[in-house]
Structures are given as structure tokens and as C-alpha cells.
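Build out the structure end to end from the sequences listed, making use of the hints.
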Amino acid sequence: MNMRRPKARLDVSEAVRADVARIEAIWRNCRAHHGDTGPFLFGDFSIADAMYAPVVNRFDVYDLEVGEEARAYMETIKALPAYAEWAAAGAEEPWVIEADEV
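Residue numbering for the sequence shown follows my numbering, beginning at 1 and increasing consecutively.
Keep in mind that the hints are not guaranteed to be accurate.
Said to hold, decoys possible - Have a look at the derived ranges for each label pair, beta carbon to beta carbon:
1) Lys7 x Ile47: 25 to 31 angstroms
2) Ile97 x Ala32: 21 to 27 angstroms
3) Ala79 x Ser13: 16 to 22 angstroms
4) Ile97 x Asn29: 31 to 37 angstroms
5) Pro6 x Asp36: 35 to 41 angstroms
6) Ala72 x Glu98: 33 to 39 angstroms
7) Pro81 x Asp11: 32 to 38 angstroms
8) Pro81 x Gly43: 16 to 22 angstroms
9) Asn2 x His33: 30 to 36 angstroms
Said to hold, decoys possible - Subject to a maximum C-alpha distance of 25 angstroms in a straight line, what follows is the list of computed SDA-like cross-link-like pairs (lysine to any residue):
10) Lys7 x Ala21
11) Lys7 x Pro94
12) Lys78 x Asn2
13) Lys7 x Trp86
14) Lys7 x Gly35
15) Lys78 x Gly90
16) Lys7 x Tyr52
17) Lys7 x Thr76
18) Lys78 x Tyr52
19) Lys78 x Ala21
20) Lys7 x Trp95
21) Lys78 x Val20
22) Lys78 x Gly35
23) Lys78 x Asp100
24) Lys7 x Val96
25) Lys78 x Glu68
26) Lys7 x Gly38
27) Lys78 x Gly67
28) Lys78 x Met51
29) Lys7 x Ala79
30) Lys78 x Ala91
31) Lys78 x Ala89
32) Lys78 x Val16
33) Lys7 x Glu93
34) Lys7 x Asp44
35) Lys78 x Val66
36) Lys7 x Ala53
37) Lys7 x Met51
38) Lys78 x Ile23
Calculated directly from the structure, the hints in this document are not laboratory data. We treat Cβ as the ideally placed atom computed from N, Cα and C, and that holds for glycine.
This is the structure we're talking about:
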């Protein structure tokens, strides 16, 4: 994961688009069945949201096309103070891993 990567759309394969659609379906299902108490996957913030934070970052920096529900969930995660701290810490990293500079 690369928190410093500038936001830029990637041309992705059909397989990647299918993976994105599957993740969107998981998020939609969690929100539909368990999200009535808050904006996170299971209402309140949980380990599931922490697990998906890197995915949110990838979807965001690669500017992947997602639906409105997924975009709203992504904005919820990105609005967390912890996410902002994580992004700031990533920007301060002194080293570059070339394989992550995609």
C-alpha cells in the first residue's frame, strides 16, 4: 500500500473490475444487514473497517470506478482521524519501495 501515491486512474483488467465489484457487494451487504447503527460496515467502527482501510486507499488513489454506496463508505473511512494520521505518517516515510510505486 502506498499512502503517498498521487491520485490517478489506472487502466485495470476485467479481473480487477470483478474484484472491485465483489468488494462493493460485500460492503453493501454488510451495511444493508448490520449498518443501521452507524456509517461503518457493522454500524459502529469495527476490525472489519480497519481491515478494509487499505482497500479504501487503493480504490481512492487508483481512482477506481465505484458506486455511490461504496464511495460514501470510502469517505467515511477517509474522514477518520486515524486515517488522516496514517496518511500523514506515510507521507513522512523517508524511503521508497519501487515495486509499490505503481
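Hints versus structure:
1. Lys7 x Ile47: 25 to 31 angstroms: 27 angstroms, holds
2. Ile97 x Ala32: 21 to 27 angstroms: 38 angstroms, violated
3. Ala79 x Ser13: 16 to 22 angstroms: The hint (16 to 22 angstroms, Cβ to Cβ) is violated, given that alanine 79 and serine 13 are roughly 30 angstroms apart.
4. Ile97 x Asn29: 31 to 37 angstroms: 34 angstroms, holds
5. Pro6 x Asp36: 35 to 41 angstroms: 37 angstroms, holds
6. Ala72 x Glu98: 33 to 39 angstroms: 34 angstroms, holds
7. Pro81 x Asp11: 32 to 38 angstroms: With Cβ atoms ~34 angstroms apart, the hint holds.
8. Pro81 x Gly43: 16 to 22 angstroms: Holds: the Cβ-Cβ distance is about 19 angstroms, inside 16 to 22 angstroms.
9. Asn2 x His33: 30 to 36 angstroms: 33 angstroms, holds
10. Lys7 x Ala21: Holds: lysine 7 and alanine 21 sit about 20 angstroms apart, inside 25 angstroms.
11. Lys7 x Pro94: 20 angstroms, holds
12. Lys78 x Asn2: Within the cut-off at roughly 15 angstroms; holds.
13. Lys7 x Trp86: Holds, at roughly 16 angstroms.
14. Lys7 x Gly35: 29 angstroms, violated
15. Lys78 x Gly90: 14 angstroms, holds
16. Lys7 x Tyr52: Status holds; Cα separation ~18 angstroms.
17. Lys7 x Thr76: Measuring from Cα to Cα gives roughly 18 angstroms; hence the hint holds.
18. Lys78 x Tyr52: 11 angstroms, holds
19. Lys78 x Ala21: 20 angstroms, holds
20. Lys7 x Trp95: 20 angstroms, holds
21. Lys78 x Val20: It holds: about 18 angstroms lies between the C-alpha atoms, which stays within 25 angstroms.
22. Lys78 x Gly35: Answer holds: lysine 78 to glycine 35 is near 18 angstroms, not above 25 angstroms.
23. Lys78 x Asp100: Between lysine 78 and aspartate 100 the Cα gap is close to 21 angstroms, so the pair holds against 25 angstroms.
24. Lys7 x Val96: Holds - the C-alpha atoms of valine 96 and lysine 7 are around 17 angstroms apart, at most 25 angstroms.
25. Lys78 x Glu68: Status holds; Cα separation ~15 angstroms.
26. Lys7 x Gly38: Given that 25 angstroms is the threshold and the Cα spacing comes to 28 angstroms, the pair is violated.
27. Lys78 x Gly67: Satisfied, since the Cα-Cα distance of roughly 16 angstroms is no more than 25 angstroms.
28. Lys78 x Met51: 13 angstroms, holds
29. Lys7 x Ala79: 17 angstroms, holds
30. Lys78 x Ala91: Judged against 25 angstroms, a Cα distance of about 15 angstroms means the pair holds.
31. Lys78 x Ala89: 14 angstroms, holds
32. Lys78 x Val16: 22 angstroms, holds
33. Lys7 x Glu93: Measuring from Cα to Cα gives roughly 18 angstroms; hence the hint holds.
34. Lys7 x Asp44: Violated. Lysine 7 to aspartate 44 sits at ~28 angstroms, over the 25 angstroms cutoff.
35. Lys78 x Val66: 15 angstroms, holds
36. Lys7 x Ala53: 16 angstroms, holds
37. Lys7 x Met51: The hint holds at about 21 angstroms.
38. Lys78 x Ile23: This hinted pair holds, its Cα atoms lying about 17 angstroms apart.
Taken one by one, the earlier hints fail for this structure at numbers 2, 3, 14, 26 and 34, listed in ascending order.
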